[in-house]
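Peer 1: Read off the chains here:
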Amino acid sequence: MARFVVSIGQTAVATDEGDVIEMIGLGSCAGIFIAAPGTIALAAHSLLAQPRNGEVLAQPGKYVETAVPFLLDRLLGAGVARARCKAWVVGGAQMFTFGANSDSANIGQRNTDLAVALLRQNGLRPDTSFVGGTSARRASLRFDTGEFASSAGGA
Amino acid sequence: MVAEDQYLEAYSEIANIGTGNAATALASFLHSRVMLDPPAAYRVDLQTACDLLIDGNRNTSVVLLECSGELDGVITLFLDDPAPYLAALGAPEEFAVDAIAEIGNIFAAKFLDAIGSMLGIEGHHAPPATASGDRRAIMQTVLALASQTDSYTLVRCWLRLEDGRSPAELVYFPGPSSLEHVGSLV
Numbered sequence: 001m002a003r004f005v006v007s008i009g010q011t012a013v014a015t016d017e018g019d020v021i022e023m024i025g026l027g028s029c030a031g032i033f034i035a036a037p038g039t040i041a042l043a044a045h046s047l048l049a050q051p052r053n054g055e056v057l058a059q060p061g062k063y064v065e066t067a068v069p070f071l072l073d074r075l076l077g078a079g080v081a082r083a084r085c086k087a088w089v090v091g092g093a094q095m096f097t098f099g100a101n102s103d104s105a106n107i108g109q110r111n112t113d114l115a116v117a118l119l120r121q122n123g124l125r126p127d128t129s130f131v132g133g134t135s136a137r138r139a140s141l142r143f144d145t146g147e148f149a150s151s152a153g154g155a
Numbered sequence: 156m157v158a159e160d161q162y163l164e165a166y167s168e169i170a171n172i173g174t175g176n177a178a179t180a181l182a183s184f185l186h187s188r189v190m191l192d193p194p195a196a197y198r199v200d201l202q203t204a205c206d207l208l209i210d211g212n213r214n215t216s217v218v219l220l221e222c223s224g225e226l227d228g229v230i231t232l233f234l235d236d237p238a239p240y241l242a243a244l245g246a247p248e249e250f251a252v253d254a255i256a257e258i259g260n261i262f263a264a265k266f267l268d269a270i271g272s273m274l275g276i277e278g279h280h281a282p283p284a285t286a287s288g289d290r291r292a293i294m295q296t297v298l299a300l301a302s303q304t305d306s307y308t309l310v311r312c313w314l315r316l317e318d319g320r321s322p323a324e325l326v327y328f329p330g331p332s333s334l335e336h337v338g339s340l341v
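First to last, the sequence lines map onto chains A and B.
The letter at position 19 of the first sequence is residue 19 when you use my numbering, and the numbering goes up by one with no holes.
The letter at position 113 of the second sequence is residue 268 when you use my numbering, and the numbering goes up by one with no holes.
Rather than coming from a laboratory, the hints here were simulated on the basis of the structure.
What you are looking at is a predicted structure, and each value in this text was computed from that prediction instead of being measured.
Ideal placement from N, C-alpha and C gives every residue a C-beta, glycine not left out.
Check each hint, because a few of them may be wrong.
Stated by the list, open to error - Computed far set for chain B versus chain A, every beta-carbon distance over 10 Å: (1) Arg198; (2) Ala264; (3) Ala299.
To be verified - Partial chain A-side listing against chain B, Cβ under 8 Å, derived: (4) Val5; (5) Gly9; (6) Phe96; (7) Ser135.
Given only the sequences and the hints, what does the whole structure look like? Please build it.
Peer 2: What follows is the structure, encoded as structure tokens:
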């Protein structure tokens with residue numbers, strides 16, 4: 001039994017009874033959660049949608065584009081049928097008030113839009129109830145039951 | 156190839172002059188002395204940047220300026236307790252957000268002017284963006300906008316009002332062009 005607090009750019013894989021995966025203070029990042037209750041629970045805390053040119057990819061979790069395939073590979077490795085899985089995308093908040101026409105205002109939305117699109121392309125139907133807004137969230141996923149919770153606030 | 160520590164030392168020196176100029180401008184704006192700690196420069200991976208910049212869970216107010224041109228990058232000023240700065244300015248509560256944006260704007264613009272002069276380059280910055288709330292969540296947008304490669308180069312400096320209270324934190328993430336110009340000086 002372990003509590004995995006997934007920091008920015010990290011991924012987590014839970015395979016033991018009592019394991020809980022958590023993300024605290026989710027802002028513009030995308031929190032991506034996948035669960036096959038009692039078999040495997042996975043998550044990634046992605047900072048950006050896609051890598052910029054020339055970047056060395058040390059952490060697959062840093063980008064949505066690399067995090068989703070990473071999580072799906074782990075799912076495949078556990079021999080889980082995707083039809084059994086639940087998925088959630090959380091975060092993508094606009095934390096800053098930017099000037100008009102600033103492209104930076106959409107940084108969070110780009111993260112969660114790509115996460116949702118990639119999960120759907122791979123046969124999952126993520127719950128997007130906890131996406132957007134202007135404030136921090138926390139989220140947790142229980143390995144045993146696949147019970148997912150998200151609430152406002154960073155603490 | 157420039158040695159890493161030599162490079163960071165050069166950046167700290169340049170930032171030291173930049174923050175000195177910026178503090179003078181801010182002191183004049185606030186009609187209060189502003190004290191500075193010497194800046195420190197780092198080159199760190201994402202995880203270390205998180206550990207360095209997100210120390211615990213607390214609320215903060217922040218001003219962010221995105222800079223482009225030769226003097227590119229992202230500059231932020233964090234005020235965990237903006238009230239004394241607003242009081243020094245005589246800003247009423249309803250103008251707090253605008254006043255914080257102006258404080259950040261003045262400090263950051265002077266900082267950039269000074270380091271631009273030293274490096275012989277120019278840049279321009281977007282209007283200040285502001286945020287208040289959970290520092291961990293706010294920092295995600297800062298790190299996302301500042302992300303250029305697999306590591307972060309950043310300069311960090313603390314300033315305080317004359318009574319020593321209410322520290323504010325400047326964090327500057329130079330962009331690729333700024334980094335190249337500093338590299339050519341070393």
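Peer 1: Now look at each hint and say whether the structure bears it out.
Peer 2: Hints, verified against the model:
1. Distance check for Arg198 (chain B) against chain A: the nearest CB is about 14 Å away, which clears 10 Å, and the non-interface claim stands.
2. At the 10 Å boundary, the C-beta of Ala264 (chain B) stays outside the reach of chain A, the nearest C-beta of that chain being 15 Å off.
3. With a minimum CB-CB distance of about 5 Å to chain A, Ala299 (chain B) fails to clear the 10 Å threshold, and the non-interface call is violated.
4. At its closest, the beta carbon of Val5 (chain A) sits 11 Å from a beta carbon of chain B; the interface hint therefore is violated under the 8 Å criterion.
5. Satisfaction of the interface hint for Gly9 (chain A) is found here, the shortest Cβ-Cβ separation to chain B being roughly 5 Å, below the 8 Å cut-off.
6. Taking 8 Å as the C-beta contact cut-off toward chain B, the hint placing Phe96 (chain A) at the interface holds, the least distance being around 4 Å.
7. At a threshold of 8 Å, the smallest CB-CB gap from Ser135 (chain A) to chain B is about 6 Å, leaving the interface hint in force.
In this structure, the earlier hints numbered 3 and 4 are contradicted, and the remaining ones agree with it.
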